Amino acid sequence: MIKSRRNALVLSLITIILFYGWLILFWENQWMRSIGAFLFPIIAGLISFTWLTRTYLYIPNKHRYFWLMLAGGVLIYTFSIFSWLITQITQAQNSILPTILWFVAYSIFLVALIYRIKLMSSKLMNKHYIFNIVIFMIVISTICIHFLIYPIMLDANSPTLEMVLTIAYTIVDLGIFLAISSLYYLSQTRKEKKSTVYLVLGFFILIMADLVYAYGNLMMDFQLGGLVNPAWAFALLILGFAGLTSKEIHTSPAVESKLGIKGIENTFPYLSILLLTLLVIDNYNWNFNALSIGLSIIFFLVIVRHILIIKQNEKLVDEYKYLAYHDPLTDLLNRTQYTTDVTYIMKKAKEVDEQVAVLLIDLDRFKDVNDTLGHKIGDYLLIEAAKRLRHILEIEEKLYRVGGDEFIIILPSINDHTLENRATSILQQFERPFLIKEYEINITPSIGISLYPQNGEDGETLLKNADTAMYLAKGRGKNNYQYYNSSLNKRNIRKVTIENALRKALENDELTLAYQPKINLQSRDIDGMEALLRWKNPELGAVSPSEFIPIAEETGQIISIGKWVLKTACKKNKEWHDKGLPKQCVSVNVSVRQFQHSDFVSTVRSILRDTGLRPEYLELEITESIMQNIKESTEVLKGLRNLGVKISLDDFGTGYSSLHILRELPIDTIKIDKSFIDDVADSAKRSMVRTIIDLGLNLDLSVVAEGIENEQQARILSDYHCKFGQGYLFSKPIYERDFEKLLTVRTPLNVK
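Throughout the sequence shown, residue numbering follows UniProt numbering, covering 1 to 752 in sequence.
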């Protein structure tokens, strides 16, 4: 029993070699050669029938019926050879049974091929092949009519039934030729191409052998047991081998291309035209004159020109196909190829119960390189990064660039130890600086890792989860790798939920402001207030600002939300002034993204004009992170100062401040971060707080201590000449109605 295609191929070759050996051994014995001419095709037919039947039983879908019909046709064909053998042994005269069986077998072949064409063309209607097939059929039909059908019709000695069957036999052969031509072109862009090529080859050899037999029989010089006889056996074995090959389509990735037909098959029509032309010339005994010579030369040049155009088009198609699956900058595979590859790799891993890792690599601070050194330097950096990543990968491991500064690596058949080594190797590749032109650039990767099948069973899910893990790596200081886990998925789902709900928060009037008073630490009187954003969603409930504000920053929604906060705070403060309440300054936090927005100064100016609030009663709180671009930040701050708005530096001491920057920036106040205030009661750590206070006073800046929670902290800060503070000791953030009551009472706040 055949166990593999390799064994089948060996058996086929042995059969053909034995066939030719038999013919050569008994070359002088016509009877024995005739027996061999029947015996070996019968053996080949039975072997082919066995393979085709097994294919029918193996394939589960509707393609199996094609192989069933093919198996039936091969069996009947084998019976026809057997009946012919019996006819020869018994020396029966005028028996047409073999011819009828042959005709039935070929009719079944034709029906099977038409069924196959219907199955394939229902999924892929490729019209490019029709022109080539038409030319093929015209050439073959012309040759058959001229050399076979026409002479048979002129032969008055042929019995009518035999003549009709022979002509019908030839027509069915032509139909099969048309069918295999169609199948060949249909299969060029499909995964069934390999098995179809064997089918086409088998039927082509079968038809050619039939035509040689028919022509030889017509010319009365066909020799039974001649060297052409093994062609029938060879054709039957190839048909069976096509069935064995078709099993591969159930274990290989489906790859269908929409690119046109290419290769030598495009030159076949022109070669067949040349063949027909030569036959026509030969039919006219090669008699030329000046006109026929000129026409022949022009005809030949036109064909050559068309072939050259086809070759140029094939080259363009190859380039297009390459670009469709590769990144043009780094020459790496792209996202499209990743989708195909990961599906195939996961399928293979499932068969052998192995693990597949998908690594998503993002280059930290790559945007800074683009912004400061230009996109050309950024492109060179990506090329060099791709080279370093290629350097550490094994042959079976695949690397992709999926856009921007992101790369994907697929590690098939990976174990945990090797995976960690590979991730560590990636980090090590970025320890050396990149030398790009005259620049020495240090850049690090953040790596997210997801595993098949634990973290997903399709490529998109694995990539999405690797992306989630990659952001976790960035959040943990960058330049590290993190694995995906289910808790990350919950976090990611909540993030997406918050992002979507936040888009409608303004429209649905879900945002409100709370106010926390700023207190004079000596008199304990209110000396201003800070407006703090609050969000309560019907489904999510109260969402912490520390959770939704970073998401608003990331998505850009902070621009519209920040504008609403600023306008609402100014409007409410103006209302309190108009009611005769003490005129206090309201502080509003400004995000880096708001601050860097091109028309931020114009927005503030417009809000002050619309609300009627005087500029000196508005204070904008900025963070130290804006100092990463000190030149632009200074220009914006000067624009705000020209409006008359106050500026305070929030969370002082946690960012990038320097004495020089503090001296140069047009700010009015520094706010000491709560992390310093928490340690002020510790005599060993309070010197840092005193230094910050002294620094602010020496620079003629107001100093506000944030997060004061007990009386001891307030007293120490007051002793250090810190004039203002805010915190739970005095009041939690409260909504506008309660804060208005606080302003109305006008009593010092000593306790919560």
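Wrong hints could be hidden among the right ones.
Restraint-style ranges between C-beta atoms, simulated for each label pair [to be verified]:
no., residue 1, residue 2, range
1, Gly-475, Gly-404, 13 to 23 Å
2, Arg-503, His-391, 37 to 47 Å
3, Lys-631, Glu-396, 29 to 39 Å
Within a straight-line C-alpha distance of at most 25 Å, the following computed DSS-like cross-link-like pairs (lysine-lysine) qualify [said to hold, decoys possible]:
no., residue 1, residue 2
4, Lys-376, Lys-437
5, Lys-194, Lys-62
6, Lys-504, Lys-571
7, Lys-631, Lys-563
8, Lys-367, Lys-347
9, Lys-478, Lys-490
10, Lys-583, Lys-504
11, Lys-674, Lys-579
12, Lys-571, Lys-536
13, Lys-387, Lys-536
14, Lys-563, Lys-583
15, Lys-348, Lys-367
16, Lys-495, Lys-464
17, Lys-723, Lys-583
18, Lys-62, Lys-193
19, Lys-674, Lys-646
Just so you know, these hints were derived from the structure itself, not from any lab. Keep in mind that this is a model prediction, so the values were computed, not measured. By construction, the Cβ of each residue, glycine as well, lies at the ideal position given by its N, Cα and C atoms.
We went through each hint and held it up to the structure:
1. Gly-475 <-> Gly-404: 13 to 23 Å: Roughly 19 Å apart at Cβ, these two residues keep to the hinted range, so it holds.
2. Arg-503 <-> His-391: 37 to 47 Å: Holds: the Cβ-Cβ distance is about 44 Å, inside 37 to 47 Å.
3. Lys-631 <-> Glu-396: 29 to 39 Å: violated (50 Å)
4. Lys-376 <-> Lys-437: holds (10 Å)
5. Lys-194 <-> Lys-62: OK: Lys-194 and Lys-62 at ~19 Å, within 25 Å.
6. Lys-504 <-> Lys-571: holds (22 Å)
7. Lys-631 <-> Lys-563: Holds, at about 24 Å.
8. Lys-367 <-> Lys-347: Given pair Lys-367, Lys-347 is violated - Cα atoms ~37 Å apart, limit 25 Å.
9. Lys-478 <-> Lys-490: holds (22 Å)
10. Lys-583 <-> Lys-504: The given pair, whose Cα atoms are some 34 Å apart, is violated under the 25 Å limit.
11. Lys-674 <-> Lys-579: violated (34 Å)
12. Lys-571 <-> Lys-536: Given pair Lys-571, Lys-536 holds - Cα atoms ~21 Å apart, limit 25 Å.
13. Lys-387 <-> Lys-536: Roughly 49 Å between the alpha carbons, so the hint for Lys-387 and Lys-536 is violated.
14. Lys-563 <-> Lys-583: Cα-Cα ~22 Å, so holds.
15. Lys-348 <-> Lys-367: violated (38 Å)
16. Lys-495 <-> Lys-464: The given pair, whose Cα atoms are some 14 Å apart, holds under the 25 Å limit.
17. Lys-723 <-> Lys-583: With a Cα-Cα distance of about 19 Å, the restraint between Lys-723 and Lys-583 holds, given a limit of 25 Å.
18. Lys-62 <-> Lys-193: The hint holds at about 17 Å.
19. Lys-674 <-> Lys-646: holds (22 Å)
Going down the numbered hints, you'll see the structure goes against 3, 8, 10, 11, 13 and 15, while the others check out.
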